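Chain by chain, the residues run as shown.
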Amino acid sequence: MSIDIDTARRVAHLARIAVAEDDLPALAGQLSGILTFMEQLNEVDVSDVEPMTSVTPMRLKRREDVVTDGGYPEKILANAPDAREGFFAVPKVVE
Amino acid sequence: MSELSKLTLAEARDALRKGETSAVALTEACLSEIEGAARLNAFVHVAPEIALDQARAADARIAAGDAPAMCGMPLGIKDLFCTRGVPSQAASHILNGFRPEYESTVTQKLWDAGAVMLGKLNMDEFAMGSSNETSTYGNAVNPWKVDDRDLTPGGSSGGSAAAVAADLCLAATGTDTGGSIRQPAAFTGIVGIKPTYGRVSRWGIVAFASSLDQAGPMTRTVRDAAIMLGAMAGHDPKDSTSADIPVPDFEAALTGDIRGKTIGIPSEYRMAGMPAEIEALWSRGAEMLKDAGARIVDISLPHTKYALPAYYVIAPAEASSNLARYDGVRYGHRAKLAEGDGIVQMYEKTRAEGFGKEVQRRVMIGTYVLSAGFYDAYYNRARKVRALIKRDFDEMFAQGVDAILTPATPSAAFGLGEMQDADPVEMYLNDVFTVTVNLAGLPGISVPAGLDAQGLPLGLQLIGRPWEEGDLLNTAQVLEDAAGFVSRPAKWW
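Quick note, the sequences are listed as chains Y and W, same order.
Mapping to numbering that gives the first Met the number 0: the first sequence position 29 is 28, numbers consecutive.
Mapping to numbering that gives the first Met the number 0: the second sequence position 299 is 298, numbers consecutive.
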């Protein structure tokens, strides 16, 4: 499976990474190379094999559904590039 | 004073308990070595005030007779660990300026045990790389040198490996998703262990591929690895995949007796084009274990060749999901926006500026293999192959194999920049012997075992049964003793 320029553009957008038009051909080539490498997996007979969900047979622990932490919005916002009045600030999303 | 920074953890612990030195003296010695080693670019944030405070507290604890094994030990911490108030940016530009308000479980456990944080260590960006060349801080440099070239310390825990090998700290933390502890350990002549998946909490460690990531110690000796792993391991309610089982005394497992143990030699690891000296080292390692009373058997792990392609589906898939959080909203870098840019442009520009090329590639590959129409063909197929890879190991262990011996890396350390024009896939081949262990969730350790013809260190890897790190460390120590690797890099920096 090789990735063409349109697919590369679409993947970049899905990944929310801006890629300049001029860089798309090289990117498409690299992604195709990696996918070709992955295609070796098609040689393996995986019929009757369940996809692995957990590498160690373990049941995820459950914990009580209670509040154990919180109450410090200033710490939560301390690293934000733009925080105002106790909120993260972003460009306008609703017209 | 520089001799103090050369001590092993075991030696330093004993010296502290006997009152022959102090945690402050050890810490000052390391800080002074770090100051003189800027050329190695191993430490990227130094925290002398925190270090000396912690060292004084450790001395007080030792004086009071309350001294756990790690008390007073000056450590380097990989930049992937969140450390409260100290920059923690996974060597990425996108986390520029990030100072966590919290402490990772592993580092908290180390500080609770009295250890001292010297600072943060260089690494590949988001732990994606095998040469420490994808870091926003620039390359870390291997203290080993054979000619004019600067060599890679390996990756992703390259700064950790360089710092331990160059005696800038007594030991360091690393993390290993596909070989990121064991490959740099091998490239720098030190010991690195990746524990069983779930042995060590991942909470507070910047996530790369959550089903593969494990933290572990990088040390000068196997005994040190046993000591430090004991302090890092244990159940953590904050990591639902951390195992709620007791942590044994790993150091007590180092009996030196491996008589009757069965060591498997997997034929599939004998790769075409493998350098003769690596093959010879591997055979010598098997001989050493045999001389110590182990039984050496040839084994087969038939799905080995599919481990790398499976890994390079699964790890990027998980990374694309984990790295979605870097969006310029809550922490780190946000791109300057043009007039009229909306939130999607903010995400796209922020991530284009913040992520390096290799991280971008992996996020995009991960996005692709998880996208509608390709999920089954790539991601689900890779997870099925992963189940087969694990089954290969399970079957060998069921047949009585106690540990598996392989080379740690397909070559010795290479020159920085030498792989620059290579295909990304060529760099991935560095992980060929280590990545199976992550896919199967097993413990694996790299032990320095010899020098190549140029005089660079080479490592051997031992792979153990799940949860039996003690037994694995014991076998590793036998190998370490028999190999008698004592070479150290000559100081040139």
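It is possible that part of the hints are untrue.
[To be verified] The calculated DSSO-like cross-link candidates involving lysine-lysine, where the alpha carbons are at most 27 Å apart (straight line), are:
id, chain 1, residue 1, chain 2, residue 2
1, W, Lys-356, W, Lys-260
2, W, Lys-144, W, Lys-490
3, W, Lys-260, W, Lys-289
4, W, Lys-108, W, Lys-5
5, W, Lys-108, Y, Lys-60
6, W, Lys-348, W, Lys-335
7, W, Lys-5, Y, Lys-74
8, Y, Lys-60, W, Lys-260
9, W, Lys-108, W, Lys-260
10, W, Lys-348, Y, Lys-91
11, Y, Lys-60, W, Lys-5
12, W, Lys-17, W, Lys-5
13, Y, Lys-74, W, Lys-17
14, W, Lys-108, Y, Lys-91
15, W, Lys-304, W, Lys-335
16, W, Lys-304, W, Lys-389
17, Y, Lys-74, Y, Lys-91
18, W, Lys-237, Y, Lys-74
19, W, Lys-17, W, Lys-144
20, W, Lys-144, W, Lys-5
21, W, Lys-5, W, Lys-490
If you're looking for bench data, these hints aren't it; they were derived computationally from the structure.
Nothing here was measured: the structure is a model prediction, and the numbers come from that model.
Here is what the structure says about each hint:
no. : hint                  : in the structure
1   : W:Lys-356 / W:Lys-260 : violated (46 Å)
2   : W:Lys-144 / W:Lys-490 : holds (9 Å)
3   : W:Lys-260 / W:Lys-289 : holds (9 Å)
4   : W:Lys-108 / W:Lys-5   : holds (24 Å)
5   : W:Lys-108 / Y:Lys-60  : holds (21 Å)
6   : W:Lys-348 / W:Lys-335 : holds (8 Å)
7   : W:Lys-5 / Y:Lys-74    : violated (39 Å)
8   : Y:Lys-60 / W:Lys-260  : violated (35 Å)
9   : W:Lys-108 / W:Lys-260 : violated (33 Å)
10  : W:Lys-348 / Y:Lys-91  : holds (16 Å)
11  : Y:Lys-60 / W:Lys-5    : violated (42 Å)
12  : W:Lys-17 / W:Lys-5    : holds (18 Å)
13  : Y:Lys-74 / W:Lys-17   : violated (43 Å)
14  : W:Lys-108 / Y:Lys-91  : violated (43 Å)
15  : W:Lys-304 / W:Lys-335 : violated (45 Å)
16  : W:Lys-304 / W:Lys-389 : holds (13 Å)
17  : Y:Lys-74 / Y:Lys-91   : holds (24 Å)
18  : W:Lys-237 / Y:Lys-74  : holds (19 Å)
19  : W:Lys-17 / W:Lys-144  : violated (37 Å)
20  : W:Lys-144 / W:Lys-5   : holds (19 Å)
21  : W:Lys-5 / W:Lys-490   : holds (12 Å)
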